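As given, the protein sequences belong to chains A and B, one line each in that order.
Going by UniProt numbering, the first sequence opens with residue 1, and the numbers climb by one from there.
Going by UniProt numbering, the second sequence opens with residue 1, and the numbers climb by one from there.
Keep in mind that the hints are not guaranteed to be accurate.
Any copy, or any two copies together, can satisfy a pair, since identical chains are not distinguished.
Stated by the list, open to error - Calculated pairs, DSS-like style, for lysine-lysine (alpha carbon to alpha carbon, straight line, at most 30 Å):
(1) LYS199 to LYS159
(2) LYS199 to LYS23
(3) LYS349 to LYS71
(4) LYS88 to LYS238
(5) LYS199 to LYS161
(6) LYS161 to LYS19
(7) LYS40 to LYS238
(8) LYS48 to LYS349
Read the hints as simulated data drawn from the structure, not as lab findings.
As the structure is a prediction and not an experimental result, all values here were calculated from the model.
Number of protein chains: 2
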Amino acid sequence: MIKNMTQAEISLHIIKVLKENKKAEFEAILEELQPYDIAKIYEGLPEKHKAKFLLFLKNDLLADLMEELDKDEQLEVLNKLGIEKSSKILDLMDNDDLALLLHELSPEKMDSLLSGMKAEESTAVKDILNYPPETAGRIMTNRFVWIRNYFSVREAVDKLKIFAEFAETINYLYVIDEERKLVGVVSYRDLLLADMDEKINDIMYERVISVLVATDQEVVARTAERYDFLAIPVVDDKNVLVGIVTVDDIIDVVIREANEDIEKLSASGKAIDFDTKIFVAAARRLPWLILLLFIGLISGRIISSFEDTLKQVVALAFFMPMIAGMTGNTGTQSLAVVVRGLISHDIDKGVVTRLIAREFGVGITIGVTCAVLISVIAYIWQGNMILGAVVGCSLFFTLIIGTLAGTIIPLILYRFNVDPAVASGPLITTLNDIFSLMTYFGIASMFLHYLI
Amino acid sequence: MIKNMTQAEISLHIIKVLKENKKAEFEAILEELQPYDIAKIYEGLPEKHKAKFLLFLKNDLLADLMEELDKDEQLEVLNKLGIEKSSKILDLMDNDDLALLLHELSPEKMDSLLSGMKAEESTAVKDILNYPPETAGRIMTNRFVWIRNYFSVREAVDKLKIFAEFAETINYLYVIDEERKLVGVVSYRDLLLADMDEKINDIMYERVISVLVATDQEVVARTAERYDFLAIPVVDDKNVLVGIVTVDDIIDVVIREANEDIEKLSASGKAIDFDTKIFVAAARRLPWLILLLFIGLISGRIISSFEDTLKQVVALAFFMPMIAGMTGNTGTQSLAVVVRGLISHDIDKGVVTRLIAREFGVGITIGVTCAVLISVIAYIWQGNMILGAVVGCSLFFTLIIGTLAGTIIPLILYRFNVDPAVASGPLITTLNDIFSLMTYFGIASMFLHYLI
Chain A
1 MIKNMTQAEI SLHIIKVLKE NKKAEFEAIL EELQPYDIAK IYEGLPEKHK AKFLLFLKND
61 LLADLMEELD KDEQLEVLNK LGIEKSSKIL DLMDNDDLAL LLHELSPEKM DSLLSGMKAE
121 ESTAVKDILN YPPETAGRIM TNRFVWIRNY FSVREAVDKL KIFAEFAETI NYLYVIDEER
181 KLVGVVSYRD LLLADMDEKI NDIMYERVIS VLVATDQEVV ARTAERYDFL AIPVVDDKNV
241 LVGIVTVDDI IDVVIREANE DIEKLSASGK AIDFDTKIFV AAARRLPWLI LLLFIGLISG
301 RIISSFEDTL KQVVALAFFM PMIAGMTGNT GTQSLAVVVR GLISHDIDKG VVTRLIAREF
361 GVGITIGVTC AVLISVIAYI WQGNMILGAV VGCSLFFTLI IGTLAGTIIP LILYRFNVDP
421 AVASGPLITT LNDIFSLMTY FGIASMFLHY LI
Chain B
1 MIKNMTQAEI SLHIIKVLKE NKKAEFEAIL EELQPYDIAK IYEGLPEKHK AKFLLFLKND
61 LLADLMEELD KDEQLEVLNK LGIEKSSKIL DLMDNDDLAL LLHELSPEKM DSLLSGMKAE
121 ESTAVKDILN YPPETAGRIM TNRFVWIRNY FSVREAVDKL KIFAEFAETI NYLYVIDEER
181 KLVGVVSYRD LLLADMDEKI NDIMYERVIS VLVATDQEVV ARTAERYDFL AIPVVDDKNV
241 LVGIVTVDDI IDVVIREANE DIEKLSASGK AIDFDTKIFV AAARRLPWLI LLLFIGLISG
301 RIISSFEDTL KQVVALAFFM PMIAGMTGNT GTQSLAVVVR GLISHDIDKG VVTRLIAREF
361 GVGITIGVTC AVLISVIAYI WQGNMILGAV VGCSLFFTLI IGTLAGTIIP LILYRFNVDP
421 AVASGPLITT LNDIFSLMTY FGIASMFLHY LI
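Next comes chain A alone, as it looks inside the complex (with noise of 0.2 Å):
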């Protein structure tokens, strides 16, 4: 009916569905769409609709609904629907998008919202949050269906039917012992292709790749992307199974730790988008500013240390925001390597050794490079081969420590265990700045006579 409407067509539609009080309707239409248009829709509703939108729902479509909005958005239905219906509906979300929206939710809230739950539902929640944000633990559903080796095909398929409404996303069936251990994997399509009365145990593939529940999100992403799985199964350290990692929130993992990557090179404060209000905006951005502003200060602190050299050749000011712009992107050049590099490879000792010296060596050709070009041309505008005989041996050492620092820096963080893209953004380009003025003002120094 709908199938060659637009999104506005098919809310007008609804809107007036909804008027007419048109519940059978309603539901065929809703039956039709997907859940992230279910909730375009549902946002771009006038007010006054979106009350009698969520009463005439049912309940999987409202479960289904919540797992696409925002917080703020899911925290709204939740109000309107009131505290036994939420409850319901929180039984039939997914439980790491659940724990999701739990986490930041005051204790009092959390414990109303879970008590009217069925108890395994909460108690899997629970489950959930007590594991370490942003490992394997926190983004699992236990929404799988496991079997047992001894089941035959068509077994296996019943028990998929019976749960059908659970199985909804995967596509494979994970194969556990009488301990609940993991020991094998079925795909939908090997259960199609084998005979019914096949067993289980002859047809599933027993080198099953898991991850533990304590396993860092970005290293499940990076493992299900070089097996191009669908989904991947939990493990805790006895090698029970306890859930399911599905891709969808893979992708989800790999956009967001982009993002982070992002924001933490840039410096420009967490998880700030499009809707962030103002003051969260800029109270966000403002620890990274601040830091920098006293960190520009101890450069200008090496400026005034050089005074007097500064005061009797005023010409050394004009180069001094080239060498360290120059420096400062060399470092976050390199460091922008490392960073997406440390995401894809595993790190030994043979792959830092390799990656310092190829390091060092871009530094140099790039040096000489700039350097000749620079001294030629300070050359060229101040009439005097000193200066650019300075500027242009400050440039050589300055991008080759600027290229270093931003390699070594993040490989540090790094094997300490801290997330390299931390720090290094501001972290190197002041490093870089202080290096640069005191390379360059230090040569500058040491020539002053020749200068003048």
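Position chain B relative to chain A; hints supplied.
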């Protein structure tokens, strides 16, 4: 057999089996491994064992192996296999992976490889190569199973069984009509749950979300991510089904696009990773650095035009790095928010207006805070209240300018279909350097006789 062995143990075991010429045992081991593991083991083999490894490997696993290797290794394998066997392996590879491999080969090499392949496979690859890079057409595969809407579930399952190899990584069957137009979709799960005699027409989902062949790969990824799809069908402008994009390719797109944003924001040069050679890496970074060198000279030129002011109040130089650094950084912060936001948002006038207003507010908030702070510090340090006021006042204005430049410039680039990350990083830093120095020295010159 190899269930509990580490990868190093498996490698050693494989070398032993290769030495003893036990082909059957070799195949039994390989059957248990994932393509990614096979590739890692192959890469780690001593050179002398590689040829026999390839010789023993079944064709379908060879194709899997190829898909995991990087380009140089792929060409090495093809050379080892010889042209005849190569063509057989290429027949078995996913078309999108094959297109990626062929894309950068010389026309002669490409022709010699294509000419040995099955006509239908080489035609499919050539078709893919005709689509522009970074579009759905370029990353889609033709290895999917289509069914007709009048099929029964039994017929669909039978067809799936015949094309088992084909349908390996997909979990939906796409339904087409007599003109090959896409009319529905059925998941494997739907097939498992349905009665064997039901008609596909009755169980299929009709409102299929699809993308066009010319759709940008970033939009394809965004669509799949929103709907949590495992695959997304690709149609031409007549709604004829021509291919599908699978979730593993979507994850690759997400990672590649994030890396590109980081490369561009940090001006780190295209595609430099841990294995890039020194001179290649240096050559890719130098253009940005040389551009920045000249831009740095513009800053120098501005300072030199205020030489008299600077000569009379050398202390002004002490605050230069801080003001330029802060302005550059606040610009980068805004830029990062905009660049990442553009990926997940549909942009309209309302969004743009709200965003600019928000960032203006953030600029004022940050500006007031930092200006007050630096005024006090500058006064205490240099004992000159006017100097404090000049520095604070300059910082206030430059932070607002920096924030707005970081917001508006990428939006303008986006409006004119230039990737906002392309030029923004260095461009914004540079412009902000110039703006900040002009503002600072402009204000300082106005108050010069109070400063001395």
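Structure versus earlier hints, numbers of those that do not hold, lowest first: Of the numbered hints, 4, 6 do not hold.
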